[in-house]
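Colleague: Chain order of the listed sequences is A and B. For any residue, its number in this note's numbering is found by taking its place in the first sequence, counting from 1, and adding 6. For any residue, its number in this note's numbering is found by taking its place in the second sequence, counting from 1, and adding 6.
Quick caveat, the hints were computed from the structure, so don't treat them as lab data. It cannot be assumed that every hint is accurate.
Which copy is meant is left open, because identical chains are indistinguishable; a pair holds if it fits in one copy or across any two.
List of simulated lysine to any residue pairs, SDA-like, C-alpha gap at most 20 Å [to be verified]: (1) K159 with F82; (2) K22 with K138; (3) K159 with S27; (4) K189 with L133; (5) K153 with L177; (6) K121 with V60; (7) K8 with G172; (8) K8 with E95; (9) K22 with W78; (10) K123 with V167; (11) K123 with F51; (12) K22 with L184; (13) K159 with V193; (14) K22 with G188; (15) K110 with R160; (16) K22 with P71; (17) K22 with P124; (18) K8 with S130; (19) K138 with G10; (20) K189 with I158; (21) K189 with D83; (22) K80 with S27; (23) K108 with C171; (24) K123 with G163; (25) K125 with A143; (26) K153 with N135; (27) K8 with F24; (28) K98 with A132; (29) K22 with G10.
Number of protein chains: 2
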Amino acid sequence: MKFGSYSYDEYIHLVKSFHGSMAPGLVIGGFIVETALQNLPEGEFFDAVCETSVCLPDAVQLLTPCTIGNGWMKVFDLGRFAVTLYEKESGKGIRVYLDTEKLKAWPEFHAWFFKLKPKREQDSEALLNQIKEAGAAVLSMEEVQVKPEITIKRRMGPTAVCPQCGEAYPLRDGASCLACQGKSPYVN
Amino acid sequence: MKFGSYSYDEYIHLVKSFHGSMAPGLVIGGFIVETALQNLPEGEFFDAVCETSVCLPDAVQLLTPCTIGNGWMKVFDLGRFAVTLYEKESGKGIRVYLDTEKLKAWPEFHAWFFKLKPKREQDSEALLNQIKEAGAAVLSMEEVQVKPEITIKRRMGPTAVCPQCGEAYPLRDGASCLACQGKSPYVN
């Protein structure tokens, strides 16, 4: 079993070091990303769409060249456990998702995913074994076409100094930066 | 010069391998995150706010335990080159930002940051040398209070099967998943 260029154990080691814990979602994520990588659409360069912000983006960042900071991975907070790898120009992609029908064959995995058991009643060893054993058997895939507004690279454009905070910001955002327009994450 | 637990060269190696290229923004990002780490507010656990989606989030992910997938880093697309590390419970944080006034002392760095030169006229060696030489001298910091709606951990709540697509989604999103409510990144 390989995840990208890593063995299972190497991948788990990376997960612990980058993500901070051995999250079951990252093990499933490993299978999801690996399945997508094995079924890449034609073309030289691909970008990634991740349909949840929980766990899965880190599997994409560890196993593909796509990260949040280089802009090749986009995260949409749709709450679906799915990843699409798509050819940058055409937007043609392969989407791999956790198939809830197939999941029924794996009771511990199913119960964990649908939160049917309180955490203290979960058997984490059985859970991880089932996730590992199930592997790609709980996944399905489909071809998708990514919307043009997502594939188009948005240029930053000119940079200006915000007259309110004095910091640099993209002029396309308006006469002052978005933080000074009320979107600051801070009090005051 | 250290970035987190890495030497400068180790950090650059990590940047190339994770981010895919030696982006100048990640070198500045290294100084920003390191400065924040050295001035952490009191408390055991901290989360990160990154005020741009360009480059900087990868410096946070490489140098702190905070990633997009583990939820400890939040990215706000405000276009400001700033990172805040804040104590999880209290929201008290230290914000480190690129200070445009201080930047004036470094012409190549300044011209690159404000896009005053076409790319082909840039001297990338001089640029990297100035960024490295300037280091924390172009940064300023301030204490901030992160808004409670950001510090509060939002629970996912119950998971249901979407009646339209058949995939699992957080029931709090409504009677069907957000993708089926029109937020799908795909055509159809």
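Colleague: List, from low to high, the hint numbers that the structure doesn't satisfy.
Modeller: Hints 4, 5, 7, 8, 11, 12, 14, 15, 17, 18, 25, 26, 28 not satisfied by this model.
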